Amino acid sequence: MSEALDSLRQEVRDWLAIHAPKDWRGQSTSEAAFLELQRSWFASLAKAGYAVPHWPENWPGGGRSLAQQKVIYEEFARADTPRLLLSFMSTYHAASTLFEWGSEEQQQRYIPRILEGEIWCQGFSEPGAGSDLAALRTRAERKGDVYVVNGQKLWSTMGQFADQCLLLVRTSSEGVKQAGLTYLLLDLKAPGVTARPIHQIHGDEEFAEIFLDNVEIPVADRLGEEGQGWAVAQSTLSSERGLTLLELSARMRGALWRIGDLIRANGRGEDAGVLRDFGRLASKVDATCAVADQFLANRIAGEERVGDASIVKLAYSRTLREFTSLGLRIGGLEAQYHAPITFGGGMETGNWMADFMNSYAWTIAGGSDEVQRNIIAERLLGMPREPKNWVVKEGAA
Amino acid sequence: MSMTRAELQDAAAKAFDGDLTPDAAHSWNLIADMGWLMMAVPEDQGGLGLGRAAVGVIHQALGRTLVAGPAIAQMLVIEALSAAGGQDELLGRAMAGEVMTASLADGLSAVPDADRASHVLQVEAGIISLLPVGDLAFTARTTWDGTRRLFDVDAGDAAGIVLATGDAATALASRLSALRSVALAADCLGGADAALAMTIDYLETRRQFDRPLALFQALKHRVADMKTALVAAEALFWARASDTAADAVTMGAMKAHAAGVYRLIAEEAIQLHGGIGLTMEHPCHLFLKRATLNAVLGGDGDHWEEARGRQAMTA
Ligand SMILES: Cc1cc2nc3c(=O)[nH]c(=O)nc-3n(C[C@H](O)[C@H](O)[C@H](O)COP(=O)(O)OP(=O)(O)OC[C@H]3O[C@@H](n4cnc5c(N)ncnc54)[C@H](O)[C@@H]3O)c2cc1C
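First to last, the protein sequences are chains V and F.
The first sequence begins at 30 in our numbering and counts up one residue at a time.
The second sequence begins at -19 in our numbering and counts up one residue at a time.
Derived by calculation from the structure, the hints in this document are not laboratory data.
Take these hints with a grain of salt, some might be off.
Sample of chain F residues at the chain V side, in silico, Cβ under 7 Å [stated by the list, open to error]: (1) THR1; (2) ALA4; (3) ALA5; (4) ILE180; (5) ARG187; (6) LEU216; (7) HIS237; (8) PRO263; (9) LEU266; (10) LYS269; (11) MET293.
Chain V regions said to be covered by chain F (calculated; three or more residues, Cβ under 8 Å) [said to hold, decoys possible]: (12) 140 to 153; (13) 199 to 208; (14) 305 to 311; (15) 359 to 365.
Bear in mind that the values here come from a model prediction, so they are computed numbers and not experimental data.
Just so you know, even glycine gets a beta-carbon here, dropped at the ideal spot from N, CA and C.
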């Protein structure tokens, strides 16, 4: 490790010693406290230049090398700081899509507001379009210099708290379904927008349903051309891979002590069977960290292949499930008693039943495990694609 | 490293060009001629100074084509001679391919090719020595894995050349354990990679219900899980192989992880091949047998996982 990185590490450590929120887990058990913590923590990170190390260098706080970003995330994980959930979509999804597809004017309009704390959400999924995203039906009709939008979006993480939404809509039903999509930036305060929260099974990290009733969106708020929405959406979808998983797997490794403590507390410290399961999990976590690391190194070197990201995501989601289920198992009856969840606590809070349920977010969202397996088999390994023809059994709906 | 990992991988792939279970004697000459036995030995001792990553590349290649022979045991002897210092003559002979072997398990059990060796390494608490075979008795132990020839050695009260004692012996024993784990893990990952590639090939060629088996999603998903497990285990392997601070437990746990992945892929290979995979003519069984043997050599999963669990308890 070079000296420059060591000194960055020291600098981040020193800064965290003063500024990292203390005892936040105990306090973050209400939505209001969660929002307050997320906003103030983001603001102090933005001020110190640690909020967006992955941004390009022409923006404040950006321009860090991959190695520097890793150092920053490792130190944050070590200090057990709150993860930036509220601004996650803003600083990753919205920002990277704007960097890639936004005009100069659009970037100047939206990017600084992200640093000031504006919250974005992602409105892609719909009741009829989940894994098959391109089947979405929310309709946008061009009338002069606005699009008039009607439809419904589902599962928008943080949608009920957001100011802006990355919206994927249908502008045409001609040709293949991907070709008729267009990408718009929606102001959630516009007339005709209703966002309704939906509770996840464990209560945390709510997402929202967004209804769009004759909502007018200026044509100036379109990213890319009309009909280019699918291509634009790809940069949104890929933005969270890589670094996020590097950070999350580092955090998982950093949280292994929680299981160690649990084993001790339950008097299982000499139970060889339990120790083995713990040791096996530790190796899996190590392997997940190593594969996330390798993926990022390849990506930086320009050697990423289609499907590599799916391997990292699948490795992470399965390992997280094992991590939380080992905690749940050793937690025994105690883990079945309801305990208040830690809003924004991350994936391994030590509230084992809640953590276990939350781990499903990673096996379903962002392309389910099954969809990742399809990508690995078909795109990375070149196995034949699903046939397009099918017949529904007589009498089935 | 003067030679990059990719260059070494290329050279290794050319030497063992994909034909499974090549002739043992020929393979041994090739291994010695290519200088593979001297890879990890420092340059001032006449080696190539390429370290554990190079050992990894070599054993992956040997694992991929299921090469027979005592290469792993020989590397242990070479490491011990190199660490002991002042054994340049024996070290030179070992690097040139004169068979010197060592246990791949505990004590003097599971010693590969002891009948062809000139010396056997003995690792005991507080003392590590090299025993000339003349003084030893050995019993062949036929394994299900036909690519390995293991012997139980009886040293009686034979005394050999002492290579290390006391703390130095303890430190060397733990280095040898780590090296054995690296080599076995590499062998596992090479074999797993070959078995997976073979399985994918088969699924693409074999047709049932008027279509290639590879079209069935249930099978594709199993392949994707194998691939994901393999890529993650490989990433862990390279991270550990280049980590000079990794101790015997960390390496052992990595080996147990790799062996688990090898076993998964070897088992799935048979199942996905159907009946043909259960025959002697088809190579599937070779991978399964080597995988299950590798899993118990050098300490089994139960041992290393428990040790890693204890380590994680105090981390
Ligand atoms: C916590 C969470 C947060 C989310 N946040 C957002 C967000 O912010 N914005 C947004 O737009 N969306 C979001 N989503 C939606 C998410 O992208 C979808 O839930 C996901 O793509 C799956 O779609 P679905 O729920 O309709 O399930 P379906 O697509 O109906 O899938 C049901 C089951 O069928 C399987 N399946 C589907 N297709 C195939 C196939 N081809 N082969 C094999 N199996 C298949 C799936 O794997 C799954 O097991 C979020 C979801 C979750 C759980």
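Against the structure, the hints:
| no. | hint | in the structure |
| --- | --- | --- |
| 1 | THR1 | violated (26 Å) |
| 2 | ALA4 | violated (33 Å) |
| 3 | ALA5 | violated (36 Å) |
| 4 | ILE180 | holds (6 Å) |
| 5 | ARG187 | violated (11 Å) |
| 6 | LEU216 | holds (4 Å) |
| 7 | HIS237 | holds (4 Å) |
| 8 | PRO263 | violated (20 Å) |
| 9 | LEU266 | violated (23 Å) |
| 10 | LYS269 | violated (23 Å) |
| 11 | MET293 | holds (5 Å) |
| 12 | 140 to 153 | violated (count 0) |
| 13 | 199 to 208 | violated (count 0) |
| 14 | 305 to 311 | holds (count 6) |
| 15 | 359 to 365 | violated (count 0) |
When the structure is compared with the earlier hints, violations turn up for hints 1, 2, 3, 5, 8, 9, 10, 12, 13 and 15 and for no others.
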